[in-house]
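K.L.:
Sequence:
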Amino acid sequence: MATMPSTRTGTDAELLSTVDAESTVREVNGVRLHVVAAGDENDPLVVLLHGFPEFWYGWRHQLEPLVEAGYRVLAPDQRGYNLSEKPEALRAYRIGECARDIAALIETEGRDGARVVGHDWGGMAAWDLALRHPSAVDRLAIVNAPHPTVYRQHLLSDPEQLRRSWYAAAIQLPWLPELAFRRNDFRLLERALRGTAAPGTFTDAELDRYRRAWARPDALTGMLDWYRAAARAPSPPPRERVDAPTTIVWGEDDAALTPSLAVDSDQRCRRSRLELLSETSHWVQHERPTRLTELLLETFENGA
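In UniProt numbering, the protein residues as written are 1 to 304.
Calculated from the structure, these hints are not laboratory results.
Being a predicted model, the structure only gives us computed values, none of them experimental.
Ideal placement from N, C-alpha and C gives every residue a C-beta, glycine not left out.
Don't take every hint at face value.
As the list claims (entries may be wrong) - Estimated spans, in silico, between C-beta atoms of each pair:
1) Asn302 <-> His61: 40 to 46 angstroms
2) Pro199 <-> Thr108: 16 to 22 angstroms
3) Asp243 <-> Glu107: 16 to 22 angstroms
4) Thr201 <-> Glu160: 21 to 27 angstroms
5) Glu27 <-> Arg182: 16 to 22 angstroms
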């Protein structure tokens with residue numbers, strides 16, 4: 001484990017002013033991940049996994065209260081994002097590889113398992129981790145991310161979900177999506193956040209920080225290759241039922257994912273709790289941060 005240099009990057013742990021956190025680099029599964037770490041190293045471990053198009057900073061509202069509640073918290077930039085390494089090969093972004101990153105990350109803390117939280121693509125990695133490496137997940141919390149088998153089934157059987165997923169097909173094109181997303185100072189990515197969230201959810205200052213992460217060399221391709229690898233090089237997990245106690249939190253006003261995905265995903269868990277949040281979009285951790293933190297602590301302490 002190495003510590004990041006002290007110079008400001010604009011997207012590292014120095015963005016946090018209310019919690020004592022540090023930026024580290026972890027060598028895991030053949031890649032270097034930038035990881036923001038906070039809390040006592042002896043406390044129970046929580047890993048927070050962001051999705052598209054965010055980076056570790058997407059969990060800023062949860063980091064301090066989780067540390068104050070007595071947890072050691074790791075929030076990595078996933079491979080391809082922000083300050084983490086960005087492999088060139090598309091197959092490097094298969095969800096199984098991304099899940100192995102997290103299993104190895106947990107090991108860097110000298111732990112066998114952790115409480116794992118994932119949103120969006122981070123949720124997909126968390127599902128895969130729980131299915132492919134069940135011993136690595138003590139408790140699982142999923143925020144607006146469908147179980148992989150359920151998602152595939154809905155794409156084949158639900159015209160509404162297929163309609164909402166049109167953008168994933170557009171991303172399969174080479175280089176054109178990168179060009180489109182970079183135009184006008186990342187206007188399309190800004191719209192992907194602000195246009196699908198409640199008014200006022202993302203401030204101008206916060207979006208400036210996201211733009212710094214998006215502008216890093218090869219970051220756009222790395223971020224988009226998660227989508228491309230899922231379509232071109234799928235790596236389905238070896239099982240479908242999750243054994244770890246699981247909480248699924250779902251904003252019902254998600255523009256990209258239907259609530260029925262949450263209901264069906266809940267059925268793939270041995271022991272689970274489903275919380276549907278009305279008048280809440282895909283961006284639960286930003287719009288309902290206090291409620292989400294409450295649900296996470298209940299999951300961590302009591303199980304689903």
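K.L.:
The structure should be examined with respect to each hint, and the outcome stated for every one.
P.N.:
Evaluation of the provided hints:
1. Asn302 <-> His61: 40 to 46 angstroms: Check failed, 22 angstroms falls outside 40 to 46 angstroms.
2. Pro199 <-> Thr108: 16 to 22 angstroms: The hint (16 to 22 angstroms, Cβ to Cβ) is violated, given that Pro199 and Thr108 are roughly 40 angstroms apart.
3. Asp243 <-> Glu107: 16 to 22 angstroms: holds, 20 angstroms
4. Thr201 <-> Glu160: 21 to 27 angstroms: For Glu160 against Thr201, whose Cβ atoms are near 24 angstroms apart, the range 21 to 27 angstroms holds.
5. Glu27 <-> Arg182: 16 to 22 angstroms: Since the Cβ atoms of Glu27 and Arg182 sit about 30 angstroms apart, the hinted range of 16 to 22 angstroms is violated.
The structure does not agree with the numbered hints 1, 2, 5 stated previously, though it agrees with the rest.
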